[in-house]
Amino acid sequence: MTLSLGKDLLGLESLSGDHIQLILDTAEPFKEISERAIKKVPTLRGATIVNLFFEASTRTRISFEFAEKRLSADTVNVAASGSSVSKGETLVDTARNLEAMRIDMVVIRHGASGAAQFLADRIESNVINAGDGMHEHPTQGLLDLLTLRDHFKKLEGLKVCIVGDVLHSRVARSNIWGLKKMGVNVAVCGPRSLLPNAINELGVEVFDRVEEAIEWADALNILRLQLERMTAGYIPSLREYNRVFGVSRERLSRVQRDVLILHPGPMNRGVEIDSDVADGPFSVILDQVTNGVAVRMAVLYLLSGGKPELAEAAKGRDEGSVKRKHNE
Amino acid sequence: MADEIVELNNGTDGLVIVGIQRRGVQLAARIVSSIADREKAHVPEGALDITLYRDDLQTVGPRPLVGQTRIPVDIEGMRVVIVDDVLYTGRTVRAALDELADFGRPARISLAVLIDRGGRELPIQPDVVGKKVQIASGQRVDVMVQDLDGKDAVIIADKEPAT
Chain E
1 MTLSLGKDLL GLESLSGDHI QLILDTAEPF KEISERAIKK VPTLRGATIV
51 NLFFEASTRT RISFEFAEKR LSADTVNVAA SGSSVSKGET LVDTARNLEA
101 MRIDMVVIRH GASGAAQFLA DRIESNVINA GDGMHEHPTQ GLLDLLTLRD
151 HFKKLEGLKV CIVGDVLHSR VARSNIWGLK KMGVNVAVCG PRSLLPNAIN
201 ELGVEVFDRV EEAIEWADAL NILRLQLERM TAGYIPSLRE YNRVFGVSRE
251 RLSRVQRDVL ILHPGPMNRG VEIDSDVADG PFSVILDQVT NGVAVRMAVL
301 YLLSGGKPEL AEAAKGRDEG SVKRKHNE
Chain S
1001 MADEIVELNN GTDGLVIVGI QRRGVQLAAR IVSSIADREK AHVPEGALDI
1051 TLYRDDLQTV GPRPLVGQTR IPVDIEGMRV VIVDDVLYTG RTVRAALDEL
1101 ADFGRPARIS LAVLIDRGGR ELPIQPDVVG KKVQIASGQR VDVMVQDLDG
1151 KDAVIIADKE PAT
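Protein sequence lines, in the order shown, are assigned to chains E and S. Residue numbering for the first sequence follows our numbering, beginning at 1 and increasing consecutively. Residue numbering for the second sequence follows our numbering, beginning at 1001 and increasing consecutively.
By construction, these hints were calculated from the structure, which means they are not laboratory data. All values reported here derive from a predicted model rather than from experimental measurement. Built from N, CA and C at the ideal position, the CB exists for glycine as well. The reader is advised that the hints may include incorrect statements.
[To be verified] Simulated coverage check for chain S against chain E, where a stretch passes if three residues somewhere in it have a Cβ under 8 Å from a Cβ of chain E: (1) 1052–1059; (2) 1094–1104; (3) 1118–1124.
[To be verified] Distance windows between CB atoms, simulated: (4) E/276 <-> S/1146: 50 to 56 Å; (5) S/1125 <-> E/56: 51 to 57 Å; (6) E/280 <-> S/1077: 41 to 47 Å; (7) E/97 <-> S/1155: 34 to 40 Å; (8) S/1008 <-> E/275: 56 to 62 Å; (9) E/69 <-> S/1119: 33 to 39 Å.
Using the sequences plus the hints, can you model the full thing?
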């Protein structure tokens, strides 16, 4: 009950299974809020949150923004293009200037691995990592966990295979950490050129053939093939990738049971996933998107943290004015 | 209490019973089944978790756990009865009123509590009371219910420091 997430959410690697459980359990009641006629609770009234997106994003940014607004926070979106970042301002300077305007939280997406940590170490506001380079994308990992738990009613003992470009994928990293902490058996499948060299050290199984992965798994989390990787020579062609690693209805139908299909989006239909799989009966891809809002609401709520010094100050009203201090 | 609730609302038409998490929910369930026995009428039953509407969220320590809110019917124009175990400062009820307003505009909202212990900090009074007791602010009232605590009991105890 006294479990606290601390100041920031930077990744799932640093969280315990209990922390992840707390976030998933907290996300559960938040789902209902998005079903109401008035999709709003006053919880974060008066809090200011900046969404600092240095990389393109539709789903994650909008999902965070919905989550923030449904908790009544005031939000500001800053994109790298069109801001002072394009004039050469450093990340820390941007953040410090924002902080000087009295913000409470920063949600950051950045192309450099470790950017969220870097920021968290230097500003007082809560920092939430919305994807940093090839490192982590913790809220995506959490919403994948929630979606799996919704479907299977438990996580422990499940078999989940992550298919595709694991090497460049922060989604894969967050998933591997999160799944393993929750007792899920994790495997990866993809061309060796797109798997990290040290994949065995992560303690996951490796399948070279997608047919074997389907045979083994309760659920597949199919990663987007980042098309820019092709020009870098990681794979010969999209057609060949689809032929060897694409998840098709035909491949799925070879096993006599249902294999749940997840995909973090955006999808390349006809490359890593065929349309009849993406839109098929075992796809929970849109449930993932719905759960994303609930998970992000839960994270915002849990991090928004009490400011016990305000309570102290309220008790000793005659001790002078309340000085506002963050997160101590 | 069930009788009083029915009388207060001129019957069971348009009645909705909503318990406040957690023990109010158990009490609401009992009131609903009691009404079913006596009036042969099925009254919809809901649950309200007011955590996200608390007025002290900015100051309490680690985030309180959030429970499920479940409003099974459209409450627009209905007669809603809020049920809770103990009425003290009235702040929980204030939060519940705010939350209900986000679901619609009931014709009437009334308040039923098992124990009224006085000590109000807001202008909120119950319509139906199981028992009224006067106890000091240094003490607390615990209501135990079979489903959650294994027995039914009301216990007055000395307050432990900051629960």
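Is the gap between the beta carbons of residue 280 of chain E and residue 1077 of chain S within 41 to 47 Å?
43 Å, holds
Range hint 51 to 57 Å: satisfied by the CB atoms of residue 1125 of chain S and residue 56 of chain E?
56 Å, holds
Does 56 to 62 Å hold as the CB distance between residue 1008 of chain S and residue 275 of chain E, or does it fail?
58 Å, holds
Counting residues of the region 1052–1059 of chain S that have a beta-carbon nearer than 8 Å to any beta-carbon of chain E, does the count reach 3?
holds (count 6)
Verdict on chain E covering the region 1094–1104 of chain S, criterion of 3 CB contacts below 8 Å
holds (count 5)
Take the C-beta atom of residue 97 of chain E and the C-beta atom of residue 1155 of chain S, compute their distance, and say whether it sits inside 34 to 40 Å.
Given a distance of about 55 Å, which is not inside 34 to 40 Å, the answer is violated.
Is it true that the C-beta distance of residue 69 of chain E to residue 1119 of chain S lies inside 33 to 39 Å, as the hint says?
36 Å, holds
Taking a Cβ-Cβ distance under 8 Å as contact, does the region 1118–1124 of chain S have three or more residues in contact with chain E?
Since 0 is below three, the answer is violated.
Taking 50 to 56 Å as the hint, is the beta-carbon distance of residue 276 of chain E and residue 1146 of chain S inside that range?
52 Å, holds
The structure fails hints 3 and 7 (numbered hints given earlier, in ascending order).
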